[in-house]
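Kindly generate the complete structure, drawing on both the sequences and the hints.
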Amino acid sequence: MSLNPFEIKTPESNSAEDILDLFVDVFTDFHHVKEIGHTFLNGPRGSGKSMMFRYMMPDCQMLKNKCEANQLDYFSVYVGVKKTDINNAELERFSKNANLIINEHLLSTYVIANVFGSICQTFGKVLDAYTDEISSFFKDIFVKRIRQCGYNNEIDTNCINKGGLQLFIDMINIVDGMKHSCKRYCCLAALNKDQIQPYNDALTDFVDFVEPIIVGLKRVSLFPSHKPFFILIDDAGYLNLAQTKVLNTWVSYRTTKDICIKISTQLDYKTHLTANDRSIDSPHDYSEINISTIYSSRNSIYNSRIKEIVRKRIKKYLGLDIEPEAFFPVDTKQEEEISQLQILLKEKNANPLKPYAGKDAAQRYARPEYIKELQQKHKAGAQYSYAGFDQLVAISSGIIRHFLAPAQEMFAAMESLNPNKQVNYIKPGVQDKVIKKYSDDFLHNQCEDIRKDQGYDGSNLQKADKLYNLIDSLGALFHLILVSEAKERRVFSIAISDTPDRELYDILDLCEHFGYLHRRTIGNKQGTGKNTMYVLSRILAPHFKLDPTSFAGYKFTNSETLKTALTNKNQFLKQMMTGVSNEDFIQLTLFEGESND
Amino acid sequence: MINKVIEQKLSDFPNRTEHYDMMICCSSFEQRCLALTSNIRQDNVDEVLVCQYNNPAELSQDNCDKLCALWGSKCEVLSLDKDAPLSIYDAIYEKIKENNPGTILFDISTFTRETILIILMIFKQDRFKDIETTLCYVPADRYSMKSLKDHEIWLSKGVNDVRSVLGYSGSFSSLKKTLLIVLVGFETDRADILISTFEADKIYLGYVPSEESFSSDLSRINQSNFDRLVKLIGDCETFSFSCRDINKTIREIEKIIIENKDDYNIIISPMNNKLSTLAVASVAYAYPDVQVCYASTNQYNTEAYSSPDNRVLLFKYE
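Keeping their order, the protein sequence lines are chains B and A. Under numbering that gives the first Met the number 0, the first sequence has 139 at position 140, and the numbering climbs by one with no breaks. Under numbering that gives the first Met the number 0, the second sequence has 33 at position 34, and the numbering climbs by one with no breaks.
Just so you know, these hints were derived from the structure itself, not from any lab. One or more of the hints may lead you astray.
As the list claims (entries may be wrong) - No farther apart than 25 Å at their CA atoms in a straight line, the calculated lysine-lysine pairs in the BS3-like style are these:
hint, chain 1, residue 1, chain 2, residue 2
1, B, LYS124, A, LYS94
2, A, LYS230, B, LYS8
3, A, LYS94, B, LYS8
4, B, LYS8, A, LYS175
5, B, LYS82, A, LYS175
6, A, LYS260, B, LYS192
7, B, LYS33, B, LYS306
8, B, LYS63, B, LYS347
9, B, LYS347, B, LYS332
10, B, LYS371, B, LYS486
11, B, LYS95, A, LYS230
12, A, LYS260, A, LYS175
13, B, LYS95, A, LYS94
14, B, LYS124, A, LYS176
15, B, LYS95, B, LYS8
Stated by the list, open to error - Incomplete in silico selection of chain A near chain B, CB under 7 Å:
hint, residue
16, GLN60
17, SER172
18, SER173
Unchecked claim - To list a few chain A residues with every Cβ distance to chain B over 12 Å, as calculated:
hint, residue
19, PRO208
20, GLN290
21, LYS315
The structure presented is a predicted model; accordingly, all values stated were derived computationally and were not measured. Even glycine gets a Cβ: it sits at the ideal position worked out from N, Cα and C.
Listed below in structure tokens is the structure:
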């Protein structure tokens, strides 16, 4: 059995060579990440954040640029936030006193220990070639700084017979020790609330510890002296509220000449307030990238990125040098029948006064007409097939994991069909079956989880149900429009002409959080301002029997009508479908008029 | 140390003569919460602290009322927020301090695993170390499954939060990788979310062989859930543990710890029955660097929950 080329692995465990083989350069789409300055990189799980961070690490960059570490444009250190390392229940004891001081100390020591750890992991024994410089850093900067922070334990400053790597390991142990001693204190205080003792150990922060340590490190000739250190803080949503405020305070400092903080979140960052409860703002303090917004609004770029990712993976793992379209072939019979329909529609709509009318109608109506015909024949078992690379990419809706995860299942299904044969392509029937199940699960399983996660509270439980009703109503509406006689049938979005009330706003927000809807803004009909538009995730296209590939039109409504969808699907559909066949839907050109919000 | 004292029929329990200054139990939607309190002689207990989770209280209110009616003026209800571990610790700590008991009977049967670990941590504090503590456990006999298929049976769904248990946050080295040990039970959804949250470098999933389970039905369902989880996770090690024998589970977990502690920061999540949770507590006391984690849920399947077995197990906690 061969390796599954679509398996999703954590990028940190991959070698630099593997990363270079697999990584598709997406920095033209997200250029801020590589530029000097603090950056927030937001995206759901599986959107490629950790892969980007891994690619920015010095081993990958040295290999890519064929240069030494000190010739790099930036020097990255990776700090992956683990859910329960410094975010512990015991810290709650300090929620009223010393909260920020204790949490800044924990975060500072966590970051510096991980910076050192990242350097050790990347360079290992190579550090021994820089022993003298590292010894100087150890004695002149590190020891001096931790003494100033109140570290009183004995330190062996005799560096004779110690190599650079060992010195870094010693420093990690010292910094870890500072963190542990604070955690121990917090634990004792939490468990003995009657007898909280004064804290007598070291306390570190950004200004007196993190910054001078990193600036001092830059003097070691292994690192690029006039270029910044990029601290890549992965999954910052796992920090507690106080630690998040501390990190925001670091972002508010003007240190980007030496230190740029690149923060990834799974759209779960707790606050943008600093320790003083002031807000950090973009673009003044940091730049911000929302991966799924960019990819869901620029489909062609996303398509070419996925194509490159798939091409690299099948080449590396299967030794196949073929186009992704050949590996994920379309249902040929279906495509031929759609082509026939296109010819018919082109002839039927030909108009000598409007030279593009025939072609336009063929393009616009062939697939909806085909889906409609199949629906009429449904009793005979005919169903629209979602096979084919382009459809699968469109369905993945701007999130790479939503392409890779079903592709992994498709590959495994093909292997089990022919256990002793290499998989050279994925049968259209297998693609279709897996992606339909994936789409159904995305709605049902996740909705079920939301229902559970929202808890017992009556109003919250209703909120989960209303969320389901809203998505179900929108999906049903878009399907009805698709199979109607409307001029524009490929509708995937709804624009709201007024401001939703709190209840609707909260539910739309929840839909966005869980990836069912993407929010954008669009110019209003009068051209005098902007309205909010919600685009249905194309992952739901198979579930609602929609065409995922088209540029969709959108339908204007007001929040009162949309609210009926929360509780009464039939009434909503009746209201929205009134006069639909004659209605002139607004069609989006290639996202003209839209802006990300 | 947690040592088993006796396993006996619940119906024989009224014959026992030990006296307890205080009993701590938890009112729950499960009938199990009444099993021991209905079978202990009332003159053998001075005070009863009935803990009740307030999120939400309605589900357990019926049984809470029954406990109050049963124990009358000896009974005090303590409301707990199950998502506020420190407030649970403080509230129970204060009650024990106030009552100043010499002996405590702690019925762990229907507390959450996290609360059990938190209460055990209270008993470890110097102030309370002289209290003679007896733990008791009434196992589940079967679950009201409403003719569902094995893979459809669920006890809880959805994860509200993954957190380290108060007092068990361990101590991690930045030089080590992460290893996660999960004692897998019914709740594979929760286990899956917990595993994805940690993205550990090495994963050990524990299962209970049929001979180590209290019921062959439960064992069959557990095994099927376990197989499904292993298939889902893919790259992981497996090991067996016991739902009946605490020491056996301790030995199995210790084996993994000893083998890996030099290279890995170790996190354990007890997701099987309460006895295996006691084993995890023992291991955590012996290896303070190890962290114990808990995935909290908001939704319990109140229809599928258990009916009590006709057995009770008693343990001495020292």
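Against the structure, the hints:
Note on LYS124 (chain B) and LYS94 (chain A): the hinted pairing is violated, with a Cα-Cα distance of about 57 Å set against a maximum of 25 Å. Between LYS230 (chain A) and LYS8 (chain B) the CA atoms are separated by roughly 16 Å; this keeps the pair inside 25 Å, and the hint holds. With a C-alpha separation of about 49 Å, the suggested pair LYS94 (chain A) and LYS8 (chain B) falls outside the 25 Å cut-off, and the hint is violated. Under the criterion of a C-alpha separation no larger than 25 Å, the hint pairing LYS8 (chain B) with LYS175 (chain A) is consistent with the structure, at around 20 Å.
At most 25 Å may separate the alpha-carbon atoms for a hinted pair to count; LYS82 (chain B) and LYS175 (chain A) meet this at roughly 16 Å. Proposed proximity of LYS260 (chain A) and LYS192 (chain B) is contradicted: the alpha carbons are some 31 Å apart, above 25 Å. Using a Cα cut-off of 25 Å, the hinted pair LYS33 (chain B) and LYS306 (chain B) holds, with the two alpha carbons roughly 23 Å apart. Straight-line distance between C-alpha atoms of LYS63 (chain B) and LYS347 (chain B) comes to about 55 Å, which puts the hinted pair past the 25 Å bound.
Under the criterion of a C-alpha separation no larger than 25 Å, the hint pairing LYS347 (chain B) with LYS332 (chain B) is consistent with the structure, at around 23 Å. A distance of roughly 15 Å separates the Cα atoms of LYS371 (chain B) and LYS486 (chain B); the hinted pair therefore holds under the 25 Å criterion. This hinted pair does not check out: LYS95 (chain B) and LYS230 (chain A) have alpha carbons roughly 46 Å apart, beyond 25 Å. At most 25 Å may separate the alpha-carbon atoms for a hinted pair to count; LYS260 (chain A) and LYS175 (chain A) meet this at roughly 9 Å.
Straight-line distance between C-alpha atoms of LYS95 (chain B) and LYS94 (chain A) comes to about 23 Å, which keeps the hinted pair within the 25 Å bound. In summary, the hint linking LYS124 (chain B) to LYS176 (chain A) is supported, as the alpha carbons are separated by about 19 Å, within the 25 Å threshold. With a CA separation close to 41 Å, the supplied pair LYS95 (chain B) and LYS8 (chain B) exceeds the 25 Å bound. The beta carbon of GLN60 (chain A) comes no nearer than 13 Å to any beta carbon in chain B, farther than 7 Å, and the hint placing it at the interface is violated.
For the restraint placing SER172 (chain A) at the interface with chain B, the shortest Cβ-Cβ distance is roughly 6 Å, inside the 7 Å limit, so the hint holds. The criterion of a C-beta within 7 Å of any C-beta in chain B is met by SER173 (chain A), whose closest approach is roughly 4 Å, and the hint holds. Listed as a non-interface residue, PRO208 (chain A) keeps its Cβ farther than 12 Å from every Cβ of chain B; the least gap is roughly 28 Å. Distance check on GLN290 (chain A): its Cβ comes as close as 6 Å (rounded) to a Cβ of chain B, failing to clear the 12 Å threshold; non-interface status is violated.
Its beta-carbon lying about 22 Å from the closest one in chain B, LYS315 (chain A) satisfies the requirement of being farther than 12 Å from that chain.
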